[in-house]
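In our numbering, the protein residues as written are 1 to 272.
No lab work stands behind these hints, which were simulated from the structure alone. Since the model is a prediction, treat every value here as computed from it, not as a measurement. Honestly, I wouldn't trust all of these hints.
As the list claims (entries may be wrong) - Each computed DSS-like pair below joins lysine-lysine, with the alpha-carbon atoms no more than 30 Å apart:
1) 114 x 84
2) 119 x 84
3) 114 x 69
4) 114 x 155
5) 114 x 159
6) 119 x 155
7) 120 x 69
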Amino acid sequence: MRILDRRSVSLAFFFFFIYLAQSSALDAQEGQRVQDEILAVPNRPTFASTAEMVQLGVFEVEYGFEAAKGHQNINGLLKWGAIKNLELWFLNNPVEQDSGTAGLGDSGAGFKYKLFPQKKARPTLAVLYVATLPTARPELGVGATAHLAQILVSKDFGKHHFDVNGGVQFVGRPMSSGFDRTYFTALSYFRPLRGKWGYTGEIAGFSRRNANTPATMTLLNAATYNLSSRLVLDGGAYVAAYGQLPRVTVFAGVTYSVANLYHLRPSQRSSR
Numbered sequence: 001m002r003i004l005d006r007r008s009v010s011l012a013f014f015f016f017f018i019y020l021a022q023s024s025a026l027d028a029q030e031g032q033r034v035q036d037e038i039l040a041v042p043n044r045p046t047f048a049s050t051a052e053m054v055q056l057g058v059f060e061v062e063y064g065f066e067a068a069k070g071h072q073n074i075n076g077l078l079k080w081g082a083i084k085n086l087e088l089w090f091l092n093n094p095v096e097q098d099s100g101t102a103g104l105g106d107s108g109a110g111f112k113y114k115l116f117p118q119k120k121a122r123p124t125l126a127v128l129y130v131a132t133l134p135t136a137r138p139e140l141g142v143g144a145t146a147h148l149a150q151i152l153v154s155k156d157f158g159k160h161h162f163d164v165n166g167g168v169q170f171v172g173r174p175m176s177s178g179f180d181r182t183y184f185t186a187l188s189y190f191r192p193l194r195g196k197w198g199y200t201g202e203i204a205g206f207s208r209r210n211a212n213t214p215a216t217m218t219l220l221n222a223a224t225y226n227l228s229s230r231l232v233l234d235g236g237a238y239v240a241a242y243g244q245l246p247r248v249t250v251f252a253g254v255t256y257s258v259a260n261l262y263h264l265r266p267s268q269r270s271s272r
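Make a model of the complete structure from these sequences and hints.
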């Protein structure tokens with residue numbers, strides 16, 4: 001009987017250690033799954049850009065359309081977390097229509113670099129640079145190369161998220177040398193609502209660029225809906241408080257985190 005008891009105790013310890021090992025493995029897998037979960041980081045639908053970044057290696061797309069009296073477009077932004085704290089950007093408007101003239105819009109390329117994340121009272125701080133390429137016809141785009149540099153500040157206060165942008169854009173003169181200068185400022189606010197819904201509002205504006213392009217200011221209100229952690233829909237409208245803009249512009253769009261390009265399996269790579 002004593003031998004049988006020892007065997008029983010040994011078997012009990014054996015199965016107990018197997019259980020612990022399996023539990024540890026499952027916990028590790030769950031922790032890795034949570035760590036690898038992709039979260040969308042929309043810049044849409046506001047004119048302001050968030051200082052927060054997509055995760056390292058994540059490729060994310062944002063596309064939307066605008067419609068107003070005499071103006072419609074489809075606008076897109078592709079983002080990739082190339083290295084830690086650095087996003088590479090490519091922007092394009094595949095469709096632009098103004099006053100009955102339609103065609104390809106301007107394109108752009110640039111980067112966003114996060115200087116440091118928010119911590120306690122300190123906000124997230126990042127810098128943004130975008131070069132606009134005149135791929136549109138002159139009547140649909142700026143007609144020259146432009147350079148935009150901004151400081152981005154983001155801060156969470158509980159469920160309330162704020163983005164503040166300030167910067168300058170140098171726009172080339174199509175018919176002469178040199179650049180015109182305009183300043184940009186924006187304050188946007190986001191708050192999650194019931195369920196998967198959210199609300200965002202913004203006040204944004206550009207200063208006067210030249211005699212033909214006066215200052216503008218817009219007031220935006222929009223709703224967002226999270227279909228999943230990596231897929232966000234938005235829709236709303238912005239009103240031109242002043243400036244040469246349509247009085248009311250409605251819009252809708254989507255932000256989708258496609259994949260972490262650094263975590264693609266060989267089978268996924270070979271199938272594409």
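Consistency of the hints with the structure:
1. 114 x 84: Distance ~9 Å between residue 114 and residue 84 Cα, so the pair holds.
2. 119 x 84: 18 Å, holds
3. 114 x 69: Roughly 38 Å between the alpha carbons, so the hint for residue 114 and residue 69 is violated.
4. 114 x 155: 13 Å, holds
5. 114 x 159: Distance ~22 Å between residue 114 and residue 159 Cα, so the pair holds.
6. 119 x 155: Distance ~9 Å between residue 119 and residue 155 Cα, so the pair holds.
7. 120 x 69: 45 Å, violated
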